[in-house]
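Those sequence lines, one after another, are chains A and B. Count along the first sequence from 1, add 40, and you get the number used in this note's numbering. Count along the second sequence from 1, add 40, and you get the number used in this note's numbering.
Don't take each hint at face value.
The list cannot tell twin chains apart, which means a pair is met if one copy fits it or any two copies do.
[What the hints assert, rightly or not] In silico DSSO-like pairs for lysine-lysine, Cα to Cα no more than 30 Å straight-line: (1) K309 - K274; (2) K357 - K316; (3) K71 - K224; (4) K309 - K81; (5) K266 - K224; (6) K233 - K316; (7) K224 - K309; (8) K227 - K81; (9) K224 - K81; (10) K341 - K309.
Don't read these hints as lab results, they were simulated from the structure. Owing to the predicted nature of the structure, the values given are computational and were not obtained by experimental measurement.
There are 2 protein chains.
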Amino acid sequence: MTEVIIAGIGQTEVGEHWGIALRDLAYAAIKEAVTDSGGLKPQALFVGNMLAPNLSNQAHLGVLLADHCGMRGIEAVTVEAAGASGGAALRQGYMAVKSGLVDVALVVGVEKFTDQVGAGVDSAVATTSDSDFEAVQGLTATGQAALLMRRYMHEYNVPTDGFAGFPLIAHANGAGNPNAMFRKAIKREAYLKAEMVSDPINMFDAAPNADGAAAVILTRNGLLPKEFSHPLVKIAASAVSTDTLALHDRHAPLGFWAARESVEAACHKAGIGLEKIDFFEYHDSYSIYAALSLEAAGFAKPGQGWLYADSGSISLKSSLPCATMGGLKARGFPGGATGVYQAVEAAMQLRGVAGLCQVAGARFGLIQALGGPASTAVVHILEKMDA
Amino acid sequence: MTEVIIAGIGQTEVGEHWGIALRDLAYAAIKEAVTDSGGLKPQALFVGNMLAPNLSNQAHLGVLLADHCGMRGIEAVTVEAAGASGGAALRQGYMAVKSGLVDVALVVGVEKFTDQVGAGVDSAVATTSDSDFEAVQGLTATGQAALLMRRYMHEYNVPTDGFAGFPLIAHANGAGNPNAMFRKAIKREAYLKAEMVSDPINMFDAAPNADGAAAVILTRNGLLPKEFSHPLVKIAASAVSTDTLALHDRHAPLGFWAARESVEAACHKAGIGLEKIDFFEYHDSYSIYAALSLEAAGFAKPGQGWLYADSGSISLKSSLPCATMGGLKARGFPGGATGVYQAVEAAMQLRGVAGLCQVAGARFGLIQALGGPASTAVVHILEKMDA
Numbered sequence: 041m042t043e044v045i046i047a048g049i050g051q052t053e054v055g056e057h058w059g060i061a062l063r064d065l066a067y068a069a070i071k072e073a074v075t076d077s078g079g080l081k082p083q084a085l086f087v088g089n090m091l092a093p094n095l096s097n098q099a100h101l102g103v104l105l106a107d108h109c110g111m112r113g114i115e116a117v118t119v120e121a122a123g124a125s126g127g128a129a130l131r132q133g134y135m136a137v138k139s140g141l142v143d144v145a146l147v148v149g150v151e152k153f154t155d156q157v158g159a160g161v162d163s164a165v166a167t168t169s170d171s172d173f174e175a176v177q178g179l180t181a182t183g184q185a186a187l188l189m190r191r192y193m194h195e196y197n198v199p200t201d202g203f204a205g206f207p208l209i210a211h212a213n214g215a216g217n218p219n220a221m222f223r224k225a226i227k228r229e230a231y232l233k234a235e236m237v238s239d240p241i242n243m244f245d246a247a248p249n250a251d252g253a254a255a256v257i258l259t260r261n262g263l264l265p266k267e268f269s270h271p272l273v274k275i276a277a278s279a280v281s282t283d284t285l286a287l288h289d290r291h292a293p294l295g296f297w298a299a300r301e302s303v304e305a306a307c308h309k310a311g312i313g314l315e316k317i318d319f320f321e322y323h324d325s326y327s328i329y330a331a332l333s334l335e336a337a338g339f340a341k342p343g344q345g346w347l348y349a350d351s352g353s354i355s356l357k358s359s360l361p362c363a364t365m366g367g368l369k370a371r372g373f374p375g376g377a378t379g380v381y382q383a384v385e386a387a388m389q390l391r392g393v394a395g396l397c398q399v400a401g402a403r404f405g406l407i408q409a410l411g412g413p414a415s416t417a418v419v420h421i422l423e424k425m426d427a
Numbered sequence: 041m042t043e044v045i046i047a048g049i050g051q052t053e054v055g056e057h058w059g060i061a062l063r064d065l066a067y068a069a070i071k072e073a074v075t076d077s078g079g080l081k082p083q084a085l086f087v088g089n090m091l092a093p094n095l096s097n098q099a100h101l102g103v104l105l106a107d108h109c110g111m112r113g114i115e116a117v118t119v120e121a122a123g124a125s126g127g128a129a130l131r132q133g134y135m136a137v138k139s140g141l142v143d144v145a146l147v148v149g150v151e152k153f154t155d156q157v158g159a160g161v162d163s164a165v166a167t168t169s170d171s172d173f174e175a176v177q178g179l180t181a182t183g184q185a186a187l188l189m190r191r192y193m194h195e196y197n198v199p200t201d202g203f204a205g206f207p208l209i210a211h212a213n214g215a216g217n218p219n220a221m222f223r224k225a226i227k228r229e230a231y232l233k234a235e236m237v238s239d240p241i242n243m244f245d246a247a248p249n250a251d252g253a254a255a256v257i258l259t260r261n262g263l264l265p266k267e268f269s270h271p272l273v274k275i276a277a278s279a280v281s282t283d284t285l286a287l288h289d290r291h292a293p294l295g296f297w298a299a300r301e302s303v304e305a306a307c308h309k310a311g312i313g314l315e316k317i318d319f320f321e322y323h324d325s326y327s328i329y330a331a332l333s334l335e336a337a338g339f340a341k342p343g344q345g346w347l348y349a350d351s352g353s354i355s356l357k358s359s360l361p362c363a364t365m366g367g368l369k370a371r372g373f374p375g376g377a378t379g380v381y382q383a384v385e386a387a388m389q390l391r392g393v394a395g396l397c398q399v400a401g402a403r404f405g406l407i408q409a410l411g412g413p414a415s416t417a418v419v420h421i422l423e424k425m426d427a
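Please take these sequences and the hints and turn them into a complete structure.
What follows is the structure, given as structure tokens:
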């Protein structure tokens, strides 16, 4: 059986990197991943990026990064699926290696929000929703999330502080991650006093846009260099589902259909049930998305995702740790790099090198990257292989 | 042996579609391709697009088009490599089907230049070159081509009308293609009198930006529907190479290294030599690129590509017909759709349904999509299978 191994991982600190160019951010993560792999030489580069054509006036990132990172000549391409771009790039790399057409693939996610400020960021982000029917009406990504959160609170009679569990856990975990944007635990009082961003979403219900780059090297198990000494982590399954792009087209907007389908498909491919999952890196760009993702995946019943978090069932010591290294909320949301950060973090967990964030004895990690309100959902299941 | 078959093809007329939205252009091509395939149901959609985030304020095209075209739920993603985006999307679809991870893949290329006018187009196109080191200096895509053409004329002592062969053939062929933007043959006198765009590039040396969409359906040979009655066309090889993004970084700028490497790799994979190639769809966004592509591929010696064209060696009745349905110059340059148009046109040639543009008895077609000055080069070899 051909297994696709995560042979190298690298990442930059997530934050505001005003003084570092996009290409240099990517280089830092790539260099770390190549070194980590024992010096594997990538034949193909898959770049996960969401907004560089608008934020950084730069498309054609594949060749730009291959060249800039000392890999001139290799196959290179950009993969885009809004906030799920990193996950989508990981899937393209997985397919390339799994198929045997490529022996060693490099997947890098990179985003540079600080190349724009203010309205420049807003109009860039607006391109990821339905421009002709939603963005043009002024509906922002945060506005979409606010509509969903209000609807959820109404349907399920959720109190004002019902979502506090998500950012509380995220920040508690982020405190232990040296690459997280926010490394401070917060208290429930802080959540209660937080300023509104888009009612009912307060400052702690929305993940911060951030700069960052993360990279993984993929190869097949027979191709690892002799000096490779990390515990083996493979991609046990990969799946993508889509929903409507426009939120107004959904019959059941709280259903997060694509989030559900992608998890089901991935579990089926990996041949495991949900009970085998040891931790879940969900896409908590908004607290409401974390709640809906828990429900869509099947970890919580509809309307109970917030209770699941509020009762502590997602903490590092629980049966289903989530956002183990801070998630989007505390590690930060580096756009199209996010899905690759999830993969790097999950690989760290499975290798047992997650430090203060370590989930004890983890074997299966579920990671899910979302584009828009689960318009695109990309899922991978990572598995620690037997020694 | 698993063969990846081009089971369905579709395209829209190339031109200025002021009144048709990007999603509707894509729909027209997709509908035609699905019908042509005998009703195959795609499981995955790969969108080749170059500039929609800037031209059309629309990213996240995968889910947008999957939803809009009646395929809600399927895997969907955008693939970008500047002008080579369509070729790059075709390669992702090929890998997905070849690997067995996807049974039926839909590849659509789409671009809508008329969503912007004037400077909006220029600044969008500028994102495909090195923003920090070339675009910021005012070097446009046409400026890059002009530098290369002037250098070529200097090195090889080429007369002012030396490149006329390329647009003359392109327009002669375009006259027979009902989907071409320009369907009129031109005379040498017209070339000689043409206005300068960026000296020495005149109006006929530069392909027109245009709107358009083209689609192909890929599957494996065992999965074709019973009612499928077209001659079988397979993808015999797929290869990608890259060079520097910035032209100023090249030691030998007339070498088009990636264009050469990608053709060599593809021929090697297909197990054939150049002499087997029956026609060549090169990326003639500029006449000089056509000349350099002929030389890089090995059909002409360095400095003789223009003579090759000028002597009529690329006409429909020659041994190496090029731009058989008009190429970028006469069919038009619909950005990220271009590489998929090439695939559709090559499939038509190999099926024997290219009408007035038909190349007699063609078995192997070489198609090459370029991003920038061969910064990215994506090559596919299509082969007509034995009945």
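Results of checking the hints against the structure:
1. Both within a single protomer and between protomers do K309 and K274 lie at most 30 Å apart by alpha-carbon distance, with minima of 13 Å and 28 Å respectively.
2. Within a single copy, K357 and K316 get their C-alpha atoms as close as 16 Å, which meets the 30 Å cut-off; across copies the closest is 64 Å, which misses it.
3. Taking the shortest Cα distances, K71 and K224 sit within 30 Å of each other inside one copy (28 Å), while across copies they are farther apart (53 Å).
4. In the homo-oligomer, the alpha carbons of K309 and K81 lie at most 30 Å apart both inside one protomer (29 Å) and across protomers (21 Å), since each shortest distance falls under that limit.
5. For the homomeric pair K266 and K224, neither the shortest alpha-carbon distance inside one copy (40 Å) nor that between copies (62 Å) is at most 30 Å.
6. Proximity of K233 to K316 under the C-alpha cut-off of 30 Å is found in neither arrangement, the shortest distances being 38 Å within a copy and 73 Å between copies.
7. Within a single copy, K224 and K309 get their C-alpha atoms no closer than 38 Å, and across copies no closer than 54 Å, so neither meets the 30 Å cut-off.
8. Taking the shortest alpha-carbon separations for K227 and K81, neither the intra-copy value of 46 Å nor the inter-copy value of 51 Å comes in at or below 30 Å.
9. For the identical chains of this complex, K224 and K81 are neighbours neither inside a copy (38 Å) nor across copies (50 Å), given an alpha-carbon limit of 30 Å.
10. Taking the shortest alpha-carbon separations for K341 and K309, only the intra-copy value of 23 Å comes in at or below 30 Å, while the best inter-copy value is 51 Å.
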